[in-house]
Amino acid sequence: MAARWDSLPPEKTLFALVTGANSGIGFGICQRLIDEFIASRSLDSHLILIPTARSSKKSEDTVNALRRYAARRAESSKTLKSRLGPGYEASETTRRIHLLSVQLDLCNFPSIKKAADQLVNGTLTSPCEDDFFRPLADVRIPRLDAVILNAGIGGWSGLDWAGLAHNVFTGGVVQACTFPTFKAGIRGLTVNPIPKPADDKTTPTLGEVFCANVFGHYLFTHAILPLLSREPSSTAPPPGRIIWESSVEPTWHNLSLADFQGVKTKAAYESSKRLTDVLALTSSLPSVKPYSLAYLSPPSSPKDRLPPTPPKIYLAHPGVVVSTIFPLNAFLFFWYRLAMYLSRLLGSPWHTVTAYKGACAMVWLALAGEDELASQGGGQNVKWGSSCDRWGTTGVKKTEVEGWGWEGKVEDRDALVADESTGVLRKMVGRRADAVDLTEEKRAQFEELGVECWREMERLRGEWEGRMDF
Numbered sequence: 001m002a003a004r005w006d007s008l009p010p011e012k013t014l015f016a017l018v019t020g021a022n023s024g025i026g027f028g029i030c031q032r033l034i035d036e037f038i039a040s041r042s043l044d045s046h047l048i049l050i051p052t053a054r055s056s057k058k059s060e061d062t063v064n065a066l067r068r069y070a071a072r073r074a075e076s077s078k079t080l081k082s083r084l085g086p087g088y089e090a091s092e093t094t095r096r097i098h099l100l101s102v103q104l105d106l107c108n109f110p111s112i113k114k115a116a117d118q119l120v121n122g123t124l125t126s127p128c129e130d131d132f133f134r135p136l137a138d139v140r141i142p143r144l145d146a147v148i149l150n151a152g153i154g155g156w157s158g159l160d161w162a163g164l165a166h167n168v169f170t171g172g173v174v175q176a177c178t179f180p181t182f183k184a185g186i187r188g189l190t191v192n193p194i195p196k197p198a199d200d201k202t203t204p205t206l207g208e209v210f211c212a213n214v215f216g217h218y219l220f221t222h223a224i225l226p227l228l229s230r231e232p233s234s235t236a237p238p239p240g241r242i243i244w245e246s247s248v249e250p251t252w253h254n255l256s257l258a259d260f261q262g263v264k265t266k267a268a269y270e271s272s273k274r275l276t277d278v279l280a281l282t283s284s285l286p287s288v289k290p291y292s293l294a295y296l297s298p299p300s301s302p303k304d305r306l307p308p309t310p311p312k313i314y315l316a317h318p319g320v321v322v323s324t325i326f327p328l329n330a331f332l333f334f335w336y337r338l339a340m341y342l343s344r345l346l347g348s349p350w351h352t353v354t355a356y357k358g359a360c361a362m363v364w365l366a367l368a369g370e371d372e373l374a375s376q377g378g379g380q381n382v383k384w385g386s387s388c389d390r391w392g393t394t395g396v397k398k399t400e401v402e403g404w405g406w407e408g409k410v411e412d413r414d415a416l417v418a419d420e421s422t423g424v425l426r427k428m429v430g431r432r433a434d435a436v437d438l439t440e441e442k443r444a445q446f447e448e449l450g451v452e453c454w455r456e457m458e459r460l461r462g463e464w465e466g467r468m469d470f
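With the UniProt record's numbering, letter number 138 in the sequence shown gets 138, and the count goes up by one each step, no holes.
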């Protein structure tokens, strides 16, 4: 079936995919993408948004919830009404928003293979719920402009009360609520990513948190590279953007390659996010290119043609969001939420608290123009964080990463103190209390770690793709 966007030039369409979009930050990303797209793009531009979920029921519920949200926003948008005048009709906006979905379970490699094949070689169908949205049946996705890798699990069991007390009394409330050391992790979580009978011991297992947060995304993104890469052509749109979602807190957690999959440690979540930081920030370094370029090459590129232009990898985090990913009962959850708002009032730039506000950095990376990213040095050497002031006004803020600094370079302390940014966007605001200034030696060690991580990830990809015949 021909889709309405097929006849439009590439600059009039945006194809975006968000993993784990049925709830939490993923759903907030989709909401914010809709809002900022219709507010900033031309009135004849179309958004094709593909939220993924693990089941068809969750997919249907997510699409319908986002349709209802888009309809409400289109009807109430003062910006659109002022741009279009008194003859404005909400249906004119909602008909430019196309919602599709695929099922994707990142701990189930056959699911990854099936979802990628459907996107690259197959078609998508989304039933129409009401007159605001046009039906979509058997439509092909010609490309992807942004893939936001949001899905993940925490692997925590609850609070370590002794750790909480130590964290608060030694660092204060804001530091404890930004860089917590009191989350009790579960050691030894594993998963068999190629489902077999319970008594079949032939397929090795992987760390469940590592698989859900990093490796499943790693395999999925490589499999959909034909949609993210661009054939050499002056008329082709820019290559797609791979936006890895990290966290503000694991910046300071040491990654051990001896426990690469995060099975033996209780800090599996922090290890997975630290690994995400290292992979994303080093992806464009010359020393890493032998591995990252191999990864960013489509699986079946023709040998007799010029290689396609690969996508670029970016890194972002949502700040500190109140989420059910951390298991707490209703009583503790109330105080957890209150502590987050208190931290914001006390001056923390990272406590976005809500999923919608936490989506700021990821949505900015998805929608920013090439010139805007170029003005930021390309954007690939920075961990972009969602931040907000005491009143909840959001912005995008550069985040310090241990061993990398703010931009992958050693900066003079006087220059940092004299940072020309204003308010909470200043680099030194929200810094960890025991942060150590970057040195050339630490920067070199970070790059070496990047080479090791990329080499090991590529080895694992080859091993598991061989098992799955990707």
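These are calculated hints, taken from the structure and not from any lab test.
There may be inaccurate statements among the hints.
Keeping only pairs whose Cα atoms sit at most 25 Å apart, straight-line, the calculated DSS-like set for lysine-lysine is [what the hints assert, rightly or not]: (1) Lys114 to Lys58; (2) Lys289 to Lys78; (3) Lys357 to Lys78; (4) Lys113 to Lys12; (5) Lys81 to Lys357; (6) Lys409 to Lys398; (7) Lys114 to Lys196; (8) Lys81 to Lys12; (9) Lys442 to Lys427; (10) Lys81 to Lys113; (11) Lys57 to Lys113; (12) Lys12 to Lys312; (13) Lys196 to Lys113; (14) Lys398 to Lys357; (15) Lys427 to Lys398; (16) Lys196 to Lys312; (17) Lys57 to Lys114; (18) Lys409 to Lys113; (19) Lys409 to Lys312; (20) Lys58 to Lys357; (21) Lys58 to Lys113; (22) Lys312 to Lys289; (23) Lys409 to Lys427; (24) Lys289 to Lys409; (25) Lys357 to Lys409; (26) Lys409 to Lys442.
For this session: Find the hints from earlier in the document that the structure breaks and name them by number, from lowest to highest.
Result: 2, 4, 10, 16, 18 and 25
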